[in-house]
Every structure is written in structure tokens, then in C-alpha cells.
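Peer 1: If you read the protein sequences in the order shown, they are chains U and R.
Taking the numbering used here, the leading residue of the first sequence gets 1, the next gets one more, and so forth.
Taking the numbering used here, the leading residue of the second sequence gets 1, the next gets one more, and so forth.
Simulated from the structure, these hints should not be mistaken for laboratory data.
Every residue, glycine too, gets a C-beta built ideally from N, C-alpha and C.
Careful: at least some of the hints might be erroneous.
To be verified - To list a few chain U residues with every Cβ distance to chain R over 12 Å, as calculated:
no., residue
1, 54
2, 62
3, 180
4, 249
5, 267
6, 279
7, 280
Said to hold, decoys possible - Pair by pair, the computed Cβ-Cβ distance ranges are:
no., chain 1, residue 1, chain 2, residue 2, range
8, U, 113, R, 484, 28 to 34 Å
9, U, 290, R, 441, 22 to 28 Å
10, R, 294, U, 236, 30 to 36 Å
11, R, 409, U, 232, 46 to 52 Å
To be verified - A few chain R residues that face chain U, going by a derived Cβ cut-off under 8 Å, partial list only:
no., residue
12, 146
13, 172
14, 173
15, 180
16, 184
17, 314
18, 315
19, 415
20, 438
21, 439
22, 468
23, 470
So the chains spell out like this:
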Amino acid sequence: MRKHANVAVKAAVLLASTSALFTTTAIAAPHSASGIILTYDLNNDESLPLEEFVNARRARFAATDKNSDGVLDESEYVYEWEDKMEARLASDRKASVKQTHIRFQAVDKNDDDRITLDEVQAVGERSFAHMDTNKDGIVAKGDPEPASRRAAQNENSAPTLEQTPMLRMPSSHNITGFVTLFDQNGDEKATKAEFNAVREAQFKRTDENGDGSLTEQEYVLEFEDRLDTQIKKTYEGQIKQTYVRFGVLDTNKDKKMTFAEYMVSGFAAFNRYDTNGDGYLTLADPAPKPRERSTNTNNVARVDGNAINREQDGE
Amino acid sequence: MKVRLLFILAALSASAFSHGATYTFGSFSHDYSAPTHLTQNHSVGNYSTSNIVTVHTEARVSKALQSELEALVNQTVNALRPYAFSENDSRVFASETRSPEQFSSQFKSEYKVSPLATLNSTYSHSLPSWLFSAIKRCEHWFTKTEGNISCRNGALFTYWADYVAGEHELSRKEVRRLARMARVAEVTLKDNHVVSFASPIVWDFADYTPAVLASRVAKALRENGITTFHLNTHNVDLYASATNESWQHIIENNNVGRTKNVDTLSEGSIEAERPSAKALTIKNGVVVHLRPQHQSAFMSATLQSKEKGIISQSDGWPSAQFESIAIAANAFDAMALAHLGATKSAQQSLAYVDGDSSKFGRGSIHALRLIDDAGRVFSSSQFSLFTSPSKATADMAYFNISVTLPMFNIADYRGPYVSVWLSDDKNRLIKSLALRGTNDRWLNKLRTWWRRVGRKDEALIDGFAGATQKNKPLQITWDGTNDFGEKVQTKNVILHVEVVREHGGRSYEKIPLLLVGEFSPIVVAGTGEIEAITVNQMFR
Numbered sequence: 001m002r003k004h005a006n007v008a009v010k011a012a013v014l015l016a017s018t019s020a021l022f023t024t025t026a027i028a029a030p031h032s033a034s035g036i037i038l039t040y041d042l043n044n045d046e047s048l049p050l051e052e053f054v055n056a057r058r059a060r061f062a063a064t065d066k067n068s069d070g071v072l073d074e075s076e077y078v079y080e081w082e083d084k085m086e087a088r089l090a091s092d093r094k095a096s097v098k099q100t101h102i103r104f105q106a107v108d109k110n111d112d113d114r115i116t117l118d119e120v121q122a123v124g125e126r127s128f129a130h131m132d133t134n135k136d137g138i139v140a141k142g143d144p145e146p147a148s149r150r151a152a153q154n155e156n157s158a159p160t161l162e163q164t165p166m167l168r169m170p171s172s173h174n175i176t177g178f179v180t181l182f183d184q185n186g187d188e189k190a191t192k193a194e195f196n197a198v199r200e201a202q203f204k205r206t207d208e209n210g211d212g213s214l215t216e217q218e219y220v221l222e223f224e225d226r227l228d229t230q231i232k233k234t235y236e237g238q239i240k241q242t243y244v245r246f247g248v249l250d251t252n253k254d255k256k257m258t259f260a261e262y263m264v265s266g267f268a269a270f271n272r273y274d275t276n277g278d279g280y281l282t283l284a285d286p287a288p289k290p291r292e293r294s295t296n297t298n299n300v301a302r303v304d305g306n307a308i309n310r311e312q313d314g315e
Numbered sequence: 001m002k003v004r005l006l007f008i009l010a011a012l013s014a015s016a017f018s019h020g021a022t023y024t025f026g027s028f029s030h031d032y033s034a035p036t037h038l039t040q041n042h043s044v045g046n047y048s049t050s051n052i053v054t055v056h057t058e059a060r061v062s063k064a065l066q067s068e069l070e071a072l073v074n075q076t077v078n079a080l081r082p083y084a085f086s087e088n089d090s091r092v093f094a095s096e097t098r099s100p101e102q103f104s105s106q107f108k109s110e111y112k113v114s115p116l117a118t119l120n121s122t123y124s125h126s127l128p129s130w131l132f133s134a135i136k137r138c139e140h141w142f143t144k145t146e147g148n149i150s151c152r153n154g155a156l157f158t159y160w161a162d163y164v165a166g167e168h169e170l171s172r173k174e175v176r177r178l179a180r181m182a183r184v185a186e187v188t189l190k191d192n193h194v195v196s197f198a199s200p201i202v203w204d205f206a207d208y209t210p211a212v213l214a215s216r217v218a219k220a221l222r223e224n225g226i227t228t229f230h231l232n233t234h235n236v237d238l239y240a241s242a243t244n245e246s247w248q249h250i251i252e253n254n255n256v257g258r259t260k261n262v263d264t265l266s267e268g269s270i271e272a273e274r275p276s277a278k279a280l281t282i283k284n285g286v287v288v289h290l291r292p293q294h295q296s297a298f299m300s301a302t303l304q305s306k307e308k309g310i311i312s313q314s315d316g317w318p319s320a321q322f323e324s325i326a327i328a329a330n331a332f333d334a335m336a337l338a339h340l341g342a343t344k345s346a347q348q349s350l351a352y353v354d355g356d357s358s359k360f361g362r363g364s365i366h367a368l369r370l371i372d373d374a375g376r377v378f379s380s381s382q383f384s385l386f387t388s389p390s391k392a393t394a395d396m397a398y399f400n401i402s403v404t405l406p407m408f409n410i411a412d413y414r415g416p417y418v419s420v421w422l423s424d425d426k427n428r429l430i431k432s433l434a435l436r437g438t439n440d441r442w443l444n445k446l447r448t449w450w451r452r453v454g455r456k457d458e459a460l461i462d463g464f465a466g467a468t469q470k471n472k473p474l475q476i477t478w479d480g481t482n483d484f485g486e487k488v489q490t491k492n493v494i495l496h497v498e499v500v501r502e503h504g505g506r507s508y509e510k511i512p513l514l515l516v517g518e519f520s521p522i523v524v525a526g527t528g529e530i531e532a533i534t535v536n537q538m539f540r
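Same shape as in the complex, but just chain U:
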């Protein structure tokens, strides 16, 4: 844990602190096609040739087709996705709670197993300074975005295969998210006083026995409340989106999806991520050009051309 490590741990602590008291896991640089490779690379060699992909898609299609009539109806399609989604949300939840315990330790600077308001404010001081990019003491919509610590941290690390978390907590790591969380009077600005007031209120809410300090249990249980709210929201949004996706993929609108229709989205996704066009999805494929995306992915059902790709990576 020498020099390089020191930089990283500071970054970790700061990342941990920027969303009010709490936020979700910082993830190592996942490769952009991770979701597809992890889902369909059945021999686990981290390489997904088109043929393996088609076979795995066919197997998945067959497993989804519960009544084995050769086509998927809407309920079969949604049901299958619901199962996958539940598993992923459960695993995201577990990771998130684990991270919350770690965050408690990071904020508890003096290792006395209690977080005091001073410790919270000390962390807040640094996060506010980080977000206040133009140093005018106010974080306002339109301010320049702060440099992403995660990107800086990962720029030299090799990409890894990691499923993108389906569960994402509201972020305060960008100006919009930060202002949304901390602006109290609706002027689209978060002052230091507003920021501190929100954090203090959150501290008090978390301190269930009102003794002026937070135990690890208090800290984690408060976070779990918000986590479960977000899971419910994500779940409902996902289900809604799955119906929309079915509609888009069912091109002839007969409420039955054939394997050919099913594969339209499959091929589109494969081609999108096989950026070097060699017929294999691997870690060596450079990331594709980012597509336009709205900030709130959970509630917006998309029907644009990209919607069909979303099935693969579960966005």
C-alpha cells in the first residue's frame, strides 16, 4: 500500500462521501460488453464468438418458451426477465449493503465504532469542495462537471468483465444530481448552508436513539431503507420497460415473438459491441460510441432504436 495505493484510498473515501452520507458502490472499470459476454459466454473463456452467442440465445429462447410452442408470448418474455432481474437486484443489494459497512469504517476516522456529526461534516467539507468546481461557494446547475475520480483511478487498469449494476442510487457525483439532492429552495443552486442542513437532517434521522452518534447498525439500516425504495422503483421501471421492449421486438405485432424477431435485438447488440468487427466479443473490443441517454434510466421507457439493445445488458 505505497504511493499509488494512498491516492486510491483517499479517492475511495471521497467517493464514499459525496452523496449526502451515503452512496452506492464504486465499481472497477467494467468492460462495456461485460453484460453480454457474462450472460452468453457459456464456456467462460471471456471470448464470445457469434456462433456461441447464437447457440446460447437459442437455449435461452427455448428456456423462456415455457409452453414450448416455438414462440414467446408477452407473459413468458416478461416472466423470464423478472427472474433474472430479481437475481441481479438481490446480488446488487448485497454488494451495496456490504459497501455501506465499508463506508461506515471509512467515515469513522477515529475507529471508535461511532460516526459523529463532526466526522460527517469533515467528509462533507471535502465533497463540497470537489463539486464546487468554480470555487464560488455554490454548486449550481451549469457549473462545470467535476473530474470523475473513478475514471482517473481506473485509467491504467485493464478492463474486466463485470455486470453493470442494475440497482443505481440517485447520484450526487454530477452537478445535476448534487443540486437535486441539496437544493432546498428550488433556485437550482446548492449553497454550503443548504448542503450542511440536508446532511445534518439526514444524520438526525439516522440516529434512531438520538444520542448524537451513529452506530454501524443505525447507519446501515437507514441506507437499506433508501436502497429498498430504489429497488422497488427499479423493479417497477424494469417491468414496464420489458413490456415496451416486447412490443418493439414483436415487429409484426401478433403478440408472439419468433426466434428471428428475438434475434433482431441479439444481432444488433452483438454488432454494436463487436467494435473491431472480428465476429468475437472480447475484452479487446474498444468501447462503442456512447449513445444518448437520459439521466433517469429507471422510469423512462424507451422506444427509440436503441431500445432493442437494452435487453442484453439489462439497462
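Could you slot chain R onto chain U? The hints should help.
Peer 2: Quick look at chain R alone, frame taken from chain U:
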């Protein structure tokens, strides 16, 4: 509960108890109805517990005492019902109105209001001394465990009952809210056995009724001159011997088959010669064994939740991380410790036994063993002392390993990540002894440990790792077993100690230990992040 009765009868016929007799008391069950939307003819959701006490003893239990014990079991179970009940109706009704007078006027006179139900409906009530003691003990645990052990969660269990009955979906947020409501309520225990509280809580001994029953029956037996006996209720085994004899407790086959007097067993008895992980030898004490992986989190007479585990009293959600075997001087402490073991991380619950156990009264909680899904065993340091035949215990060597860590007088000092483990001479893991630090990102800076152990075993980290603790020295007892609780056969083991600190460096020491012949104490002066390591062999 016919099923339960059959089980007990089957269990008795398989008993290895060669002499003496077996007595069973209280073969009944009761169902609880939820307190919401109460109408007389409509019970919404119910759960049931069966409370059967089986006593094995070589002493003669007179007919009179048998009747007395039967009455005691009935009286205890009825007194612990959180809501009003009728002996002619398996349903137990709860009152929406919170006054017992109003309540009884709503129902036929046959409905009885237990002391606990009265307390629940009046917020303040004077209790029989045994019940007051039970609440007091529970509240003691409540305070010491930040509400992880609680007898206040009746509302939570009603919610689960309604869920199991299909009344509503299960909301994780809602169960947490109910547990929190009960947790933050202020409770006063007064000298005159009065319990009072200001905000609504529903006292409920669902999880602890067997423990209270066991204690009361044991007390009654002793008062009647019966001092050597084995008593079993749901998940609880209480062993008593006036002459401090040993009992063999077999932890397979649903707890059936027990043999007394291990020390005097015939030569051929393998268990007596080589205590295995499957059989424990117990002196006076109580064993509570919970298998959350194999039980529904919530059961009624006819329905059970699909969720497995034991409902955590602090967040209302089932946990099934560990099978838990707790040993204590009394039944309530054993039950509470077992619950803690099943629902908390290994480091947290083992710390209650190994750490500051004095807060539970000197010597009242003895030992805890946790078993994870992979069969890995985590034991408190004194576990083998409490569970081996005295002959084996006397011969058994164990090792005290102490690791001291230097203090660095710097502003941003953080407690180091530490791993201590044993391997064979081919670097294959034998046993994980200690792991401080929970963040993967820093655990992997314990490079040697990470490469050989950590990266392959997420479950180990999840179950075993605990928080960093500044430079607090590590005091580790190794009883000569491997991760799975089996005796280590190899004679050459290697002790590994690796320490890494934020803003600091990494240090790693490996020390070969020869397990044959006379063991000379080892003292190694460390460098960097390790101050010193000492290893001593001890004999009981």
C-alpha cells in the same frame, strides 16, 4: 400438532438412553391470530408454536410431579401468549382496543387474557416474578446487542403471519420499520415487577418460549430433588447432573439419541475416544442448536414462508448465514446467543463470547460454533473446552497465538488489515484464524493471503472478516482443527501473518510449527507493520 407428536414419539423410540424413563409434557400447540381487522369469527393469519418438553431421567418422577410439570408447562405457555386466547379454540385473539375490560366484553367469557397479553394491552403491568425475570433478561440482551435480541417484536411477527396467510406482500422496508418501532420504544422495569412502556410494543416470546419453558421445568425438577436429567424442548437441550457428569450430545438426526456418562462408556465407543464434530460432550449446561438454512423463516400450523432462515430481531428479515450451536449456563442465554450467531456476522457474534463476555454475567455464556454453507466451522476460543470429554480435554493441546502491532504516531493512522492463517507445507489452507478488514479493495493488498486464499473465497470474507481494530493485539486460540472442525493430521503446519496498513506498508511473516514432540514457545520479532508474534502450546 399431530405431526409434532409423532415426531416426538419416534424420537423417543430411537433414544439411546439405556436406563431411566422419559416423560413428555405439554403436547399442544397454539395459533395466534393477527390483531388487525379483528372480528370474532374471522381470524386473519396465524402462526403456531408447539411446546413440548421431554425429560429423560433415571430418577423416578412421581405421578403427582408429572401432573405438576404438565400444569407448569401449560401455565407457562399460556402466560406467554401475547394476545388473549381460548383453550377451546386454537385461535388466539388479539384486541384492537387496548383495554382488557373492553376486550373481554367483546368475547365469550372463555377467552383468557394472559399476563403478557395484559401487559401488551395496558402498557404497564405487574408480572409474575418468573415472567418479569424473563423480560429483564431479554431486555439485558436487547441493550447489549443494540436490539438484535428482542422480545418486543410481536407486531413484526403479526406482519409475517399476515404475509404467510396471503394477506399482503412482504416488504423489506416495512419489516424494518416494525422492528425499528419496537427498538426505539422506551421501556422501564421497576423493582416491584412492573414493566411499563410509553409507545406501542407487543411483547412476544415466540423465539424464546422453549428456553423459558426449559428453565422453569428444570427448576421444578431440582426443587423436587431430581438433579440429574436431560431435558429437551424445541431446539433446546438442557443437561443437568448433580455430580457434574458428562453428557453426550449428538448433533445429527434431529437431535435424537443421547448417551449419558461419556467418561464411563465402554472401550468400543468411538465417540467417547475421539470426539467428533458430530457429537459434543457437555457437562451442566444448555445447548441450543439452530439450523436456519433448513427452516422456514415463519411457520403457522398449516402454512410456511418460502423464505428460509431466522428472522433477525433488528431488521425483521430472515438470515440464514450460519448454522448456530450455542452453549450457555442457562437456556435463555443459550437461545439468545444461538440467535445472534445465526443472524449476525461470525466476527460480531463470536466477539460476544470471546470478547467482553463479562457483560452477560461471569461465565453465563460459554461457547458458540457457527457452520456456514460450505461446512466451514467458526468456533469461539473455548468451544472445545466445553464440548470434549474431560479425558480428551485434559490431553488436548492447543495453541495460543499472539500478534502485536506497532502504533504509528501519525495523524491519519488507520487500523491495519490483518490476516492470520495456517497452511500445510504446500501452502494449502488449513484454517483461517483471523481476518481484520472487510473491503475487497484493501483485502487484496494482503497480497500473499489474497493470492492463496482470499480471491478464491468470497464466502469466507463475507462470513468471517471483521472490522479493523487499530493496533489492538490479536489473541488467537487454535484448537488443532481445520476449517471444517476436523483434527489436523499433518505434523508440519505453517503459521502465516500478513498485515497491511493504509498510508503504511505491508509485512508478512511465516512461521513453521512442528506439531510432534515437545513444542518450544516461539517468539518472532516482526518488522514494519508487525511488532511481534508469539506461539505457545497450552494444555488444559
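Peer 1: Now, for every hint given, state plainly whether the structure supports it.
Peer 2: Verification of the hints:
no.	hint	result
1	54	holds, 32 Å
2	62	holds, 27 Å
3	180	holds, 22 Å
4	249	holds, 30 Å
5	267	holds, 35 Å
6	279	holds, 32 Å
7	280	holds, 27 Å
8	113/U to 484/R: 28 to 34 Å	holds, 32 Å
9	290/U to 441/R: 22 to 28 Å	holds, 26 Å
10	294/R to 236/U: 30 to 36 Å	holds, 33 Å
11	409/R to 232/U: 46 to 52 Å	holds, 49 Å
12	146	holds, 5 Å
13	172	holds, 5 Å
14	173	holds, 5 Å
15	180	holds, 6 Å
16	184	holds, 5 Å
17	314	holds, 6 Å
18	315	holds, 6 Å
19	415	holds, 5 Å
20	438	holds, 6 Å
21	439	holds, 4 Å
22	468	holds, 7 Å
23	470	holds, 5 Å
Of the numbered hints given earlier, the model fails none.
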